[in-house]
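Undergrad: Given these sequences and hints, build the entire structure.
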Amino acid sequence: MKDSIDISVNIAGITIQNPVMTASGTFGFGREYGDFYDVNKLGALVTKGLTLLPKEGNPPPRIWETPAGMLNSVGLENPGVEKFIEEEWPYLSKLSIPVIANIDGDTIEEYQETAEKLSTLKKLAALEVNISCPNVEKGGLAFGQDPKSAFEVIEAVRKATNLPIIAKLSPNVTHIQEIAKAAVSAGADALSLINTIVGAAIDIDKQQPVFSRTFAGLSGPAVKPIALRMVWEVCDAVDVPVIGMGGITTWQDAVEFILAGATAVAVGTANFVNPTAPLEIIEGIKSYVKMKGQSMESLIGAARNGKNNI
Amino acid sequence: MKDSIDISVNIAGITIQNPVMTASGTFGFGREYGDFYDVNKLGALVTKGLTLLPKEGNPPPRIWETPAGMLNSVGLENPGVEKFIEEEWPYLSKLSIPVIANIDGDTIEEYQETAEKLSTLKKLAALEVNISCPNVEKGGLAFGQDPKSAFEVIEAVRKATNLPIIAKLSPNVTHIQEIAKAAVSAGADALSLINTIVGAAIDIDKQQPVFSRTFAGLSGPAVKPIALRMVWEVCDAVDVPVIGMGGITTWQDAVEFILAGATAVAVGTANFVNPTAPLEIIEGIKSYVKMKGQSMESLIGAARNGKNNI
Amino acid sequence: MRKPVVLMAPIVQNTEIAPGIYNMKLEAPDIAKTAEPGQFLHIRCSQALAPLLRRPISIADADEKNGRIDIIYRVVGEGTKLLSEKLPGEKADIIGPLGNGFYMPPKDSYPIIIAGGIGTAPILYLAKKIALKSNSSASVILGFTTESEIFGTDYLKCPGINLSITTDDGSFGYKGFPTDILENLLKSWKNAAPPIIYACGPKPLLVKIKEITQRENILAYLSLEQRMACGVGACLGCSVKSSFGGYKKVCKDGPVFKACEVELC
Amino acid sequence: MRKPVVLMAPIVQNTEIAPGIYNMKLEAPDIAKTAEPGQFLHIRCSQALAPLLRRPISIADADEKNGRIDIIYRVVGEGTKLLSEKLPGEKADIIGPLGNGFYMPPKDSYPIIIAGGIGTAPILYLAKKIALKSNSSASVILGFTTESEIFGTDYLKCPGINLSITTDDGSFGYKGFPTDILENLLKSWKNAAPPIIYACGPKPLLVKIKEITQRENILAYLSLEQRMACGVGACLGCSVKSSFGGYKKVCKDGPVFKACEVELC
Ligand SMILES: Cc1cc2nc3c(=O)[nH]c(=O)nc-3n(C[C@H](O)[C@H](O)[C@H](O)COP(=O)(O)OP(=O)(O)OC[C@H]3O[C@@H](n4cnc5c(N)ncnc54)[C@H](O)[C@@H]3O)c2cc1C
Ligand SMILES: Cc1cc2nc3c(=O)[nH]c(=O)nc-3n(C[C@H](O)[C@H](O)[C@H](O)COP(=O)(O)OP(=O)(O)OC[C@H]3O[C@@H](n4cnc5c(N)ncnc54)[C@H](O)[C@@H]3O)c2cc1C
Ligand SMILES: Cc1cc2nc3c(=O)[nH]c(=O)nc-3n(C[C@H](O)[C@H](O)[C@H](O)COP(=O)(O)O)c2cc1C
Ligand SMILES: Cc1cc2nc3c(=O)[nH]c(=O)nc-3n(C[C@H](O)[C@H](O)[C@H](O)COP(=O)(O)O)c2cc1C
Ligand code: FES
Ligand code: FES
Chain W
33 MKDSIDISVN
43 IAGITIQNPV
53 MTASGTFGFG
63 REYGDFYDVN
73 KLGALVTKGL
83 TLLPKEGNPP
93 PRIWETPAGM
103 LNSVGLENPG
113 VEKFIEEEWP
123 YLSKLSIPVI
133 ANIDGDTIEE
143 YQETAEKLST
153 LKKLAALEVN
163 ISCPNVEKGG
173 LAFGQDPKSA
183 FEVIEAVRKA
193 TNLPIIAKLS
203 PNVTHIQEIA
213 KAAVSAGADA
223 LSLINTIVGA
233 AIDIDKQQPV
243 FSRTFAGLSG
253 PAVKPIALRM
263 VWEVCDAVDV
273 PVIGMGGITT
283 WQDAVEFILA
293 GATAVAVGTA
303 NFVNPTAPLE
313 IIEGIKSYVK
323 MKGQSMESLI
333 GAARNGKNNI
Chain E
33 MKDSIDISVN
43 IAGITIQNPV
53 MTASGTFGFG
63 REYGDFYDVN
73 KLGALVTKGL
83 TLLPKEGNPP
93 PRIWETPAGM
103 LNSVGLENPG
113 VEKFIEEEWP
123 YLSKLSIPVI
133 ANIDGDTIEE
143 YQETAEKLST
153 LKKLAALEVN
163 ISCPNVEKGG
173 LAFGQDPKSA
183 FEVIEAVRKA
193 TNLPIIAKLS
203 PNVTHIQEIA
213 KAAVSAGADA
223 LSLINTIVGA
233 AIDIDKQQPV
243 FSRTFAGLSG
253 PAVKPIALRM
263 VWEVCDAVDV
273 PVIGMGGITT
283 WQDAVEFILA
293 GATAVAVGTA
303 NFVNPTAPLE
313 IIEGIKSYVK
323 MKGQSMESLI
333 GAARNGKNNI
Chain F
326 MRKPVVLMAP
336 IVQNTEIAPG
346 IYNMKLEAPD
356 IAKTAEPGQF
366 LHIRCSQALA
376 PLLRRPISIA
386 DADEKNGRID
396 IIYRVVGEGT
406 KLLSEKLPGE
416 KADIIGPLGN
426 GFYMPPKDSY
436 PIIIAGGIGT
446 APILYLAKKI
456 ALKSNSSASV
466 ILGFTTESEI
476 FGTDYLKCPG
486 INLSITTDDG
496 SFGYKGFPTD
506 ILENLLKSWK
516 NAAPPIIYAC
526 GPKPLLVKIK
536 EITQRENILA
546 YLSLEQRMAC
556 GVGACLGCSV
566 KSSFGGYKKV
576 CKDGPVFKAC
586 EVELC
Chain Z
326 MRKPVVLMAP
336 IVQNTEIAPG
346 IYNMKLEAPD
356 IAKTAEPGQF
366 LHIRCSQALA
376 PLLRRPISIA
386 DADEKNGRID
396 IIYRVVGEGT
406 KLLSEKLPGE
416 KADIIGPLGN
426 GFYMPPKDSY
436 PIIIAGGIGT
446 APILYLAKKI
456 ALKSNSSASV
466 ILGFTTESEI
476 FGTDYLKCPG
486 INLSITTDDG
496 SFGYKGFPTD
506 ILENLLKSWK
516 NAAPPIIYAC
526 GPKPLLVKIK
536 EITQRENILA
546 YLSLEQRMAC
556 GVGACLGCSV
566 KSSFGGYKKV
576 CKDGPVFKAC
586 EVELC
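Residue numbers (the numbering used here), protein chains in the order written: chain W, 33 to 342; chain E, 33 to 342; chain F, 326 to 590; chain Z, 326 to 590.
Among the hints, a few may not be true.
[Stated by the list, open to error] With a straight-line cut-off of 25 Å between C-alpha atoms, the simulated SDA-like cross-links for lysine to any residue are:
1) Lys324(E) <-> Thr470(F)
2) Lys535(F) <-> Tyr435(F)
3) Lys528(F) <-> Ala343(F)
4) Lys73(W) <-> Ile37(W)
5) Lys566(Z) <-> Glu541(Z)
6) Lys238(E) <-> Thr282(W)
7) Lys324(W) <-> Pro527(Z)
8) Lys583(Z) <-> Glu88(E)
9) Lys87(E) <-> Glu142(E)
10) Lys328(Z) <-> Met429(Z)
11) Lys535(F) <-> Ser489(F)
12) Lys87(E) <-> Pro111(E)
13) Lys406(F) <-> Glu97(W)
14) Lys328(F) <-> Tyr123(W)
15) Lys149(W) <-> Thr47(W)
16) Lys238(E) <-> Ser40(W)
17) Lys411(F) <-> Gly345(Z)
18) Lys155(E) <-> Pro111(E)
19) Lys406(F) <-> Ile336(Z)
20) Lys180(W) <-> Thr206(E)
[As the list claims (entries may be wrong)] Sample of chain F residues lacking proximity to chain Z, with all beta carbon distances greater than 10 Å (derived):
21) Val337
22) Gln338
23) Glu341
24) Asp355
25) Pro413
26) Asp418
27) Asn425
28) Asp433
29) Ser462
30) Val532
31) Gln539
32) Asp578
33) Cys585
These are calculated hints, taken from the structure and not from any lab test.
This one's a predicted model, so the numbers in the text were calculated from it and none came from an experiment.
Ideal Cβ placement from N, Cα and C applies to all residues, glycine included.
TA: Here's what the structure looks like:
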């Protein structure tokens, strides 16, 4: 009886029925994949990144395939927080699972204002504060590459909202533990990682970069070993829950992240390849928990035995 | 007539007949792949990393496959510089192509002593100073993650040798340009990048990390977009020649690195998959040069047009 | 429009119909029932993690009766190569039908359908549907580089279709571009039912058609291509510049657009 | 020893000979000529970039006359799955022969060959070579979990081979482990030509054999497995702990080692 198996977890005060969420920017505002299955089966849904004002995003091409991965340069195209509240929230607010809004900004004030506007939404479960988007001119990534700026952004958002805050970290750093600690000390209730890794591609016929902004963000199975390492490192450094992501494609991948210390995981690029990946991962985790006869909670960080040096 | 096409380049004062080298640690001391083709067809050969004293390396497993990549935790197993000189150099010194010795150390003094000993070898073309190995307890990576230590190591080696110095940079940093600049100002004649990216893997049956040192180095096609981006960044920051590597598997990959600004490239993990990859890459570059009707030199950085902001 | 499905569709046939061009027939009754001309499938060419992403391929025919859909694709890279190696009896991992198809011509219009090269694939189904369903007649102009590259004409053997073929080298049909024929047609057609243009093919062809139809003030529908990740509107990756500011998504807002809606360069 | 070659070898046959266990016959005259028992091929199971690395598979037979080599492999993951899907007429991308094979038994010795499960593959060729070439006799003990898993016995139909089979569940032959038979053989053999042991199989089997042969002071050769990247000694990835300090490379120093040379855990 699979469904009697409890794999619920708690992230930043929110209980989710299973540890599988969708990664921001890979699941739109939830409608698209609703064509394929009931999204209420997910642990939680994370929206596309929202900014205060609408953003039209970067010129094409925005997508480039790489070995076992992809580069994207979407550039945070989004309708802006107000249109989101008008057009997307009515649908999202009717879901039975927690919905988390991912927010981004060029300035600290923008983050704050966006957070404030979203805080008016009853039923919004949390804010995921993206301090790591590599595809925009200002803000984004830069905030996530320096402990001090990371602290400032999270602190500012903390003042602007009573919602739980998840800080989304960038992998494009020397010491991710320092950023993680800064975000937590500024008030983050949970951390999510990794965002995309900065990469590039060159068109050898045209002899020019593929992307108009030259660099783009790498995601997908290719980055999994790096993401897993960073999750391990961050779980060493802080004691808030961590949401692991980066290349998770199968339930085995998800279990690796959980054993490394992640309380929950998010599925990103894999949605594009296999729309029902999140469901298969949920079922796989259930079977694993059953097979091992261990509780979900005891699996979190189980591979660390003694290697934990918080 | 393919062979009349000149694709020679100059790295740190050494002219190499073509821009294709082998990446340290993936080509042993040159004998193994000599079974498959004449290694004198390469641009240059880079040895496995050498340390002052012999190193037995890490316990197994040392290899783990990942999507389009691999993790390794070899741990710099090598016979030490003296046994290298005794047993490997007689063979290497008879090659007609430049041989570059890759060196590593736990301390600055060790780097220096190793460099001194190798400097006695007539015909040794250059030293590649590895400040980026993620698989050892001390030294290695740490030197390559901080501009000041990078400067110190390279400066010390500079004092110990008259050989050209190639500093091998780590991708595990926030701002690779700073490390690149530090290495060059300390006297590096060329830079090579990237070394492996720190990653991890978890055995979900045993619920423990695959590697005894938990973390290992990611290489192979998966990392190519990241490597290419970093080569682009470094070519922005310095004006010494750059040897690009990281996931190069086909001649098209190699051309991407060259167009991004690399003067030469190195083939690593691809050797394992396709032993004749370096030859195919050399032939492919020749055909490309011929097809485009451009000189080898004019291709270097050709994708940057105007984007160069040294 | 019915919802798209994810499906392992049995491959009934997969044959080379011109050099490097394959015709695959799939058993997919649910898709055959609802697919509209211009819609596409998003195909996973391999279960391995490289190549990772699905490939968008237009529906070239759909037969509700026998539950089959056809695609016609050119082998250009790793994904289409892997697709071409699949054998009847194996299954294809597909999502579909996706996107917005062609808007069917109104009663008293004169549909002109133009395609170049592999762009022929989606318009085969369109031509058939126009000819059969709406019982009207249509001109179809197909451009190929040379005679041996011609394919798809067997799909067009229905009454009501007036087929012209051009080749770049004159080895078959009219020597020149399909737009030459279009210009001629438009000249001779000045006073009858309003023409409505449907086009799919390489960018230069579409640019030229947009230019002609804008000049002549004729309604034109273009089927566009863009690199895709999700194919369903979730990733915002397949953008094309909208003429009214911002971007449209080829997978969800298209792949068929009015020529006046989108910027082609 | 001849140099190894990289080769696209035509696949002559690829059939399932036991549940999940395949026998592939390859045309590779150069390898067939020089391959020694215990050597292996390094096989690229797919031209895609994932799975990336080659897979080491032992040579299970080599026939110099018809230029063919056999491998026998169990489908355990993505690479072997892809291998099992290849059809006769396709080619296999192989490097070989690699590694050091088994040291042939000296004239007046008594070779005992022991294998468990898929470890049977390399010792088939060894048994044949010992029986045919050296014209001596050998005992071969094969252990399987159950009767339906048994394979390879058809390779052992030469005079001079004395075959015993064990199954864990007793469904065929002796119920128990191959090492039980080994212990019996050794007891009854005390005074004749010195035994020499060859073994391949799961780690627990090898550990047990090492233990027995050390106790009885008998020379034993073990064929080991380790994850490999290059397969040729260049990457230092396939290390196994040496009994004399440091590490040995399974691909270049092995895969066959004297039991006393290596630490198994
Ligand atoms: C809506 C739509 C319908 C299409 N219909 C057809 C059809 O019916 N028949 C046909 O032969 N081709 C069609 N194409 C083009 C087809 O998708 C590409 O030829 C195919 O993706 C190439 O994949 P590959 O792996 O063989 O090539 P590669 O060059 O190896 O592919 C690398 C990456 O680039 C992308 N890519 C390459 N070329 C194109 C392209 N022209 N458009 C979009 N993405 C591309 C691939 O999807 C992949 O992600 C269509 C494209 C779109 C967008
Ligand atoms: C010298 C040698 C000879 C071998 N001979 C045979 C043989 O004759 N028949 C046979 O069935 N198997 C043999 N094996 C084991 C065989 O190599 C593995 O079963 C195979 O690599 C598994 O690949 P996969 O992709 O199916 O499995 P996966 O588990 O998906 O492989 C993932 C990675 O792990 C490695 N790996 C997994 N299992 C092993 C293993 N047991 N040994 C080494 N690497 C492994 C793979 O090479 C790959 O890099 C031999 C191994 C060695 C080292
Ligand atoms: C097309 C695309 C768009 C993305 N947009 C966002 C975004 O708006 N905000 C954000 O925090 N992360 C964004 N990401 C990053 C993902 O949420 C995730 O962190 C990353 O892709 C790694 O996970 P994956 O490898 O499973 O995709 C985006 C990723 C992709 C591929
Ligand atoms: C097995 C292995 C061993 C390596 N050993 C060394 C080494 O000793 N010194 C060094 O500088 N780099 C070493 N590297 C890094 C490579 O030289 C190269 O920088 C890296 O693998 C990226 O290139 P690739 O993706 O083409 O393999 C090693 C890489 C591998 C895979
Ligand atoms: S391909 Fe994802 S939005 Fe169109
Ligand atoms: S596999 Fe590379 S040294 Fe053995």
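Undergrad: Does each hint fit the structure? Answer for all of them.
TA: Here is what the structure says about each hint:
no. : hint                    : result
1   : Lys324(E) <-> Thr470(F) : holds (24 Å)
2   : Lys535(F) <-> Tyr435(F) : holds (17 Å)
3   : Lys528(F) <-> Ala343(F) : holds (22 Å)
4   : Lys73(W) <-> Ile37(W)   : holds (14 Å)
5   : Lys566(Z) <-> Glu541(Z) : holds (23 Å)
6   : Lys238(E) <-> Thr282(W) : holds (18 Å)
7   : Lys324(W) <-> Pro527(Z) : holds (24 Å)
8   : Lys583(Z) <-> Glu88(E)  : holds (21 Å)
9   : Lys87(E) <-> Glu142(E)  : holds (13 Å)
10  : Lys328(Z) <-> Met429(Z) : holds (20 Å)
11  : Lys535(F) <-> Ser489(F) : holds (20 Å)
12  : Lys87(E) <-> Pro111(E)  : holds (6 Å)
13  : Lys406(F) <-> Glu97(W)  : holds (16 Å)
14  : Lys328(F) <-> Tyr123(W) : holds (18 Å)
15  : Lys149(W) <-> Thr47(W)  : holds (24 Å)
16  : Lys238(E) <-> Ser40(W)  : holds (23 Å)
17  : Lys411(F) <-> Gly345(Z) : holds (22 Å)
18  : Lys155(E) <-> Pro111(E) : holds (20 Å)
19  : Lys406(F) <-> Ile336(Z) : holds (21 Å)
20  : Lys180(W) <-> Thr206(E) : holds (14 Å)
21  : Val337                  : holds (20 Å)
22  : Gln338                  : holds (18 Å)
23  : Glu341                  : holds (17 Å)
24  : Asp355                  : holds (28 Å)
25  : Pro413                  : holds (14 Å)
26  : Asp418                  : holds (15 Å)
27  : Asn425                  : holds (33 Å)
28  : Asp433                  : holds (53 Å)
29  : Ser462                  : holds (47 Å)
30  : Val532                  : holds (35 Å)
31  : Gln539                  : holds (44 Å)
32  : Asp578                  : holds (33 Å)
33  : Cys585                  : holds (42 Å)
Comparing the model with each numbered hint stated earlier shows that all of them hold.
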